[in-house]
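Enquirer: Here is how the chains run, residue by residue.
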Amino acid sequence: MQPTFSSSRILLPVRPWFIFLSLFVALVLNFLPTGQWPGMPDWVALVLCFWSVREFRRVGMGWAFLLGIVMDVADGAVLGQHSLAYVLLAYVASSLSRRILWFPLLQQALQIMPLLVLTQVIQAAIRLVSGAEFPGWGYFVGPLIATVLWIPATFVLLLPQFQPVERDDNRPI
Amino acid sequence: MAGIDHAPPPFFKQGPAPLALLTFYVAVSIALFVVDLRFKSLDLVRQSVALVVDPVQRVAQTPGSLVDIAQAYLEGLHSLRAENAQLKHAQLNSAPDLQRLQQLEAENDRLRRLLTVKEREKAKGQVAQILYTSRDPFSRRIVVDKGQQHAVTAGQPAIDETGVVGQVTRVFPFSAEVTLITDKDQAVPVQVVRTGLRSVAFGLGNGQLEMKFMPANADVQPGDLLVTSGLDGIYLPGFPVAKVVNVERDSAYSFARIYCTPVAGVENFGEVMILDPRQALPPQPPEAVSRSAGGEAEKGSLRPKKKKAAKGH
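First to last, the protein sequences are chains S and C. Everything in the first sequence is counted per the working numbering, starting at 656 for the first residue and increasing by one. Everything in the second sequence is counted per the working numbering, starting at 2 for the first residue and increasing by one.
This is chain C alone, in the form it adopts within the complex (with noise of 0.2 Å):
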């Protein structure tokens, strides 16, 4: 029966129409599109991809460092003297507040303790080094050298020296991306230190961070200090974000535009570290119950006081 073979001879096979493949593939990148950027649910796809490229791109960095280490070693002595002392002076003027920051926090520890308030959370973390900032030139975001295998979770914050920098956003085996506060998909819960005024802090994508959905006339000035509120259980209390650097109060709009600059190094950088993340939250009161009986509850304290006022009259 193996007689006549009715394929096609060989050399007249040219794999499916190149119209069909092309439908193909674009109908499948932009699935891969849609999917990733709605349901964000292929980080298993990325990781297995970053696995193969991840070495391909910590050599293709090495020229770069390389490059660092030269001008590191060719800057003499002459101006790391000049550092050291100037970082001398620092650690100086800094000496007074670290030196007793010991007992404050004991102090503060055993006063919360009187005042049965839950006592504060400690920062704890760990230090991780820029490999380099992300190519994509839509977003800011660098790369750390700490991923899964240092039990980096997607979500942790990262500070440097002065302030916080950003969140960690997708964790790779041995490399984390950490996207930046002045990112334009970045929110910042963030509290005005010197009036305690609680806002968010979002990302304008050029640098700057703007507080939006401020009241014309919010109390905010040039020049005040953001740190992290708290609140959303991701940023422990009291981290510098950003100062505020321009309000723009424009009676035609409900709202105040009030933009800042960040506080860290956020786009120059050596070393990061990211804190573990925190302990959960307490779970949040039911809503509806809560309010009814606080309602009825001030109900019921108010109107003895009106009584009470009606009798003294």
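So that you can see chain S by itself, here it is in the shape it has in the complex (with noise of 0.2 Å):
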């Protein structure tokens, strides 16, 4: 696989082990306790979505239900409220991953804004359904910082995957 299809560059095939760390340490980064500021992402959607739109074979709504509901009993929050969100983003991502894979990083990112985007919202709409108080706009600046973070995510996750250029004048391709 090539980071994008328009890309000739081949990448080594995914570890397994590396989506279980990088999903771990997305969990991780969300318990911290900078999660309670203004306008920080949520990195465990942010690097679901990723690993659903690259490997949509190995990382579905399974996961994404397992780790909704892990965040749920973190949170605090109603059984129920993140793995909705997270189960839809993954099917939304995995089923638009041949289109988002087609365009360079930046447009990459403005492809999945509206995803990150929508699983906040599910998310206030059904605590607000259910008689929560309504948590400020700040809430929904998250999505777009975790948007610009797209980039940078895709780079580091893809990390391992890179293999060094060889030159080799004699070779046809």
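It is possible that some hints are incorrect.
If the Cβ cut is set under 8 Å, some of the chain S residues that face chain C in the computed set are [unchecked claim]:
(1) L734
(2) S750
(3) E788
Only part of the chain S face toward chain C is listed, based on derived beta-carbon distances under 10 Å [stated by the list, open to error]:
(4) V683
(5) P688
(6) A719
(7) I724
(8) G731
(9) H737
(10) Y741
(11) V742
(12) S749
(13) V776
(14) Q778
(15) I781
(16) F789
(17) P790
(18) N825
Bear in mind the hints are in silico, worked out from the structure with no lab data behind them. Predicted, not measured: the structure shown is a model, and the values here were computed from it. Beta carbons: idealized from backbone N, C-alpha and C, even for Gly.
Reconstruct the complex from the two isolated chains, following the hints.
Expert: Set out below in structure tokens:
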């Protein structure tokens, strides 16, 4: 697989343990006290979205559901709030993945933004329906920052798959 | 017979269709949501997941607490001395009251016994460290480090050194979740100290409380202190809850809008005390019987008076 479909660079296959590790690190990042700050991105949603776009055969809705339950318990939110949003995110991301990967990174980020905003809006909607207080507009800034982070996240998460460029003048391609 | 295998070759196996999976997971999520919200019967699921998640969460909180420790270390001798002097001063200020408290309590006990009034319940509890604030932006909760292992149960009130902080709403094996009194779903039965007026203070979700359903002419002024009335059987009476900051009386509405700020440092924390559950209140008298009986008794007592008054004339 390539970084984007229009790229001529071939990547190494992804290692499953790296996917687990990255999702776990995203969970820990979410648990950090910085999660209280306004505009902090939902790291789990970002990493989950990344792997759903790139490796939808390995990371699918089952993972999204489990991570959602873990986030629900950790947040003290209503069970099902994160899991519903993450499952929808994983589904939409994997069904759009063949299109998204044709674009360069900046345009990929633009395509990702509505998905991440939607995750947040779904959560806010089902909580507001059940009678919670409005958390303020700062709650919806997080996905926008996560969108910007899509570019560095792609580089970091693809890092183990890059292989050194081999220059061989005798090779036809 | 084991010649032809009718199953498709394994390289076409991709599991159920994505749309089917999506429907399944969405249905399960919504079912969980409804069951958790309406029936609150998923505590066991929550506790078992929390058992795995809780250690990770505590580890993730350590950088923050390390920063706190470093800050406290670097704060220096001078500021600590100043604080110490201030605390000593405060203690001296409250010394006259404190020193006579024991004697007053003993006297109160004696008088209550003389009046054959039920003895006042003593407040006991355990100190709990606040681990972190709950990440959920839709509610106001904190997580403390005492749980089922320390016999904490849901419903116990939590106080700090100045007043009521909140109430334990969920209990995990090693931690418990305290919903603050400023949460939108939290209500505390209160009493105005100045007038003895009883009401209920509801959290507003923005760090304030509101006394709802008070008549527009209710005798409440800005600056009034609200304490727990103890009528709910959960909070012991007499703990400070909030101070009235603003009273809006609009003749268009039948109720006054009374805004209060919490007395306790509800949104900035160190330690809280989780009070033991109260002794069960005596059972309520059967309503219908007592009402009719009371009515008859009143009538009975009123009639002779009227007759006497008539005779007097």
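Enquirer: Evaluate each hint against the coordinates.
Expert: Each hint tested on the structure:
1. L734: Hint holds; L734/S Cβ to chain C Cβ min 4 Å, cut 8 Å.
2. S750: Given a least distance of 7 Å, the restraint on S750/S holds.
3. E788: holds, 4 Å
4. V683: At 5 Å from the nearest chain C Cβ, V683/S passes the 10 Å test, so the hint holds.
5. P688: With a minimum Cβ separation of about 4 Å from chain C (threshold 10 Å), the hint on P688/S holds.
6. A719: holds, 8 Å
7. I724: holds, 6 Å
8. G731: holds, 4 Å
9. H737: holds, 9 Å
10. Y741: holds, 9 Å
11. V742: holds, 4 Å
12. S749: With a minimum Cβ separation of about 7 Å from chain C (threshold 10 Å), the hint on S749/S holds.
13. V776: With a closest approach of 13 Å, the V776/S hint is violated.
14. Q778: Constraint on Q778/S satisfied, holds at 9 Å.
15. I781: With a closest approach of 7 Å, the I781/S hint holds.
16. F789: holds, 8 Å
17. P790: This hint holds: P790/S lies near chain C, its Cβ roughly 4 Å from the closest one there, short of 10 Å.
18. N825: violated, 35 Å
The earlier numbered hints that this structure contradicts are 13, 18.
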